[in-house]
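Enquirer: Residue strings, one per chain:
Protein chains: 2
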Amino acid sequence: MASTSLEFSSLDAHRAWLKSQARLPRGFRVGATRFGFVPAEVHKPAAMTLTLVALDQPTDAFAAMFTRNAFPGAPVIVGRRRLSSPTVAAIIVNNKVSNVCAPGGIDASERLCAGVAALLGVRPDEVIPSSTGVIGWRLPIEAMIGALPGAVEALQGESVLPAAEGIVTTDLYPKVRRAAVGDGSIVGIAKGAGMIEPNLATMLVYLFTDCDVPRDELRSSLRAAVDASFNRMSIDSDTSTSDTVALVSSRRVPCDLEAFRAALARVCADLTEDVVRNGEGVHHVIRVAVRGAPDEAFALGVGKAVVNSPLLQCAICGNDPNVGRLVMAIGKHVGAQAGDLDLSRCKLSMAGRVIFADGAFRLDPAAEEALVAHMRGAELYSSVAPADGLTFRPPVRYPPHERAVEIAIDLGLGKAACTVLGADRSHEYISENADYRT
Amino acid sequence: MASTSLEFSSLDAHRAWLKSQARLPRGFRVGATRFGFVPAEVHKPAAMTLTLVALDQPTDAFAAMFTRNAFPGAPVIVGRRRLSSPTVAAIIVNNKVSNVCAPGGIDASERLCAGVAALLGVRPDEVIPSSTGVIGWRLPIEAMIGALPGAVEALQGESVLPAAEGIVTTDLYPKVRRAAVGDGSIVGIAKGAGMIEPNLATMLVYLFTDCDVPRDELRSSLRAAVDASFNRMSIDSDTSTSDTVALVSSRRVPCDLEAFRAALARVCADLTEDVVRNGEGVHHVIRVAVRGAPDEAFALGVGKAVVNSPLLQCAICGNDPNVGRLVMAIGKHVGAQAGDLDLSRCKLSMAGRVIFADGAFRLDPAAEEALVAHMRGAELYSSVAPADGLTFRPPVRYPPHERAVEIAIDLGLGKAACTVLGADRSHEYISENADYRT
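Protein sequence lines correspond, in order, to chains L and F.
Heads up: the first sequence is residues 1 to 438, going by our numbering.
Heads up: the second sequence is residues 1001 to 1438, going by our numbering.
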């Protein structure tokens, strides 16, 4: 799925690579500012980062896709309206509070856009808002309006890194990917580490390009790229209320449309890889290649059922090749969806080794040993016993490598295929989410 | 859902109560035996318990429901055949190895039934086999045949407790429930603590009665009772390959059919409560009452989506009323299933307090405090820091109480309702399942 195979041995090495990816395309500036506030819902001090992306000139070439969660956040509702704006000039993003189902949420988002517009000298409907963080809390809108000039002051046209850092919540590290297209480029950033099973869109992803692609082509290119990347991963099966992918072109550099689409697909696939690998508590990325399916949707469903099985996730976390749980997960999904299908030609492999065929497993101590070695090789880190005995924190804040636990499923039912990325389930995920808001 | 509200302050108190529930109906005997073996798939010593239930006389009154997983275990395949046997005389159950997708699995199950039949002087097709444990491993059939006489020798007609203890795997304690029906009774036992989201049947459940109910009525009564109990719970969303519920009557005592059906429904509901409360790593049982749904299946889907949300599960484990995740989970399901439904009349309560209505949350520090207190009151235990820093084990081996985190959802869409039981997600679940087979 990913086009690269990176390895990093230190935080500094990862940081240097991020910087090399981060050069902004022509026509964009980004800035971020951080400030404190007290949520109205719980009286505990919190901090928020406001991230501003501004175009040198408003552009008519922009595309966005949003969550299909039936309780979308206010910024998603406002963002959908913006799709019919003639032009956009800026994106404003805050973390910590997602502004979902909060009283007066849409008004708050529109006020923020108006504040940005006044400072930049553009129209409010040229500003796209995004919020991520706790669901149900109200935006601290007065404090945010007060902080906006700081974000404008920080604007610079060199690096997207301040934005990649500004939008994160539980992410361990910022995510930046780039691709060249002729003389132009596409640069993408993403946030998201939990509540990740996108449904037609995903977490927060911003893609910037100077390639001159008109609005309609931009939008169809984004749909195709998202469908083949973000929509084929899951960290925890939970679909965010704030998922947003936006793509904006400054239209500075002429480009070949096919080359652009290929580059966009690669950047999206690379960011998908980054998001899964940096998922909350992820020790192992799991790559499930499904083929022999009656259609692609069925293949996708099987792949999702496998990566979302809590029991398989735990086994993989423990480097335990409990492959019976793989069969359980496939059978659970097929049994619930289409109980009359004949799975007698189903074949399963792990690490390139056939472990199941003709209705029965092929297991022995040598296979067990090979599978354990494969899982250990794909491990990003092992849990470290926490100082307080209970609160697990990941010991690394960069991705040591891009290896995955490789599972191949041939359903023996048809010609369709699909590859899905997922992750294991660990103590660090529980610790992160048992008391996320404090 | 449960008909009781039990509290226990010690293992001894729970044990005494179990004994009071365990008196066998007329016409049944149970016995169990434990022995060691070495699995062919991994060369590490393991132990297995064989549990035998024998009727004094073969009976034509029996019913069974099995998993809808598309990779059913060999005993499930054999068990389905037994449904057309004229009579049954015994049930033989082993733990540790589930005999699912193992080479020669059906032959092994049939050999075991033949061994039981020879010892009891009945026909092989009068014996129902069940296996639970690791998926993919082969039954140690020679050792099992060798151990059978020990199980026969242990047969006694007083207590079902040896069977309730013999069938467990990761369960912390045996599960026994009973109900009187006139002069007769129904006694049920269950095992199951993980891989629990039954689909038309569930884990291993055996129900014994001396009430004289003919086969057809017995089977329809079981379908109704299972549908309203086991099919409305989930511990981890994973559907077992071995789920089996069997109900056998010795037909010794005349009974009123309506009273029987009500008693059966109560025993099934009580065992459902037990299974969830003893789920792997469960700190809190979650009861989700959904109403205002267009139909019951929709209500069930919403309830399942809520109890299966990993993020909500983690928040509840941490006594963190992160109710935004409740809205996320409902919206994820509705958005994926029926994106055009109008949820503007949706109302949510927790602990009897309205927390969401008219599209927005009603949260403040007082509500936060009340919700935290409710969650703490429903907690079964807190995690204890493990000696090795990593391997969490539950500190109690009995259910201290039957309180639950109470969530009510009125979708505002129709008249249908459904209540679903689920559980939170903890370090103990991860520890249990990261290396289950060793």
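Do not rely on the hints blindly, as some may be mistaken.
Below, a sample of chain L positions facing chain F; criterion: calculated Cβ distance under 10 Å [stated by the list, open to error]:
no. : residue
1   : N308
2   : G324
3   : H333
Think of the hints as simulated: they come from the structure by calculation, not from any bench.
For every residue, glycine included, the Cβ atom is placed at its ideal position computed from N, Cα and C.
Enquirer: Decide, hint by hint, whether the structure agrees.
Expert: Status of the hints after comparison with the structure:
1. N308: 8 Å, holds
2. G324: 2 Å, holds
3. H333: 8 Å, holds
Of the numbered hints listed earlier, not one is contradicted by the structure.
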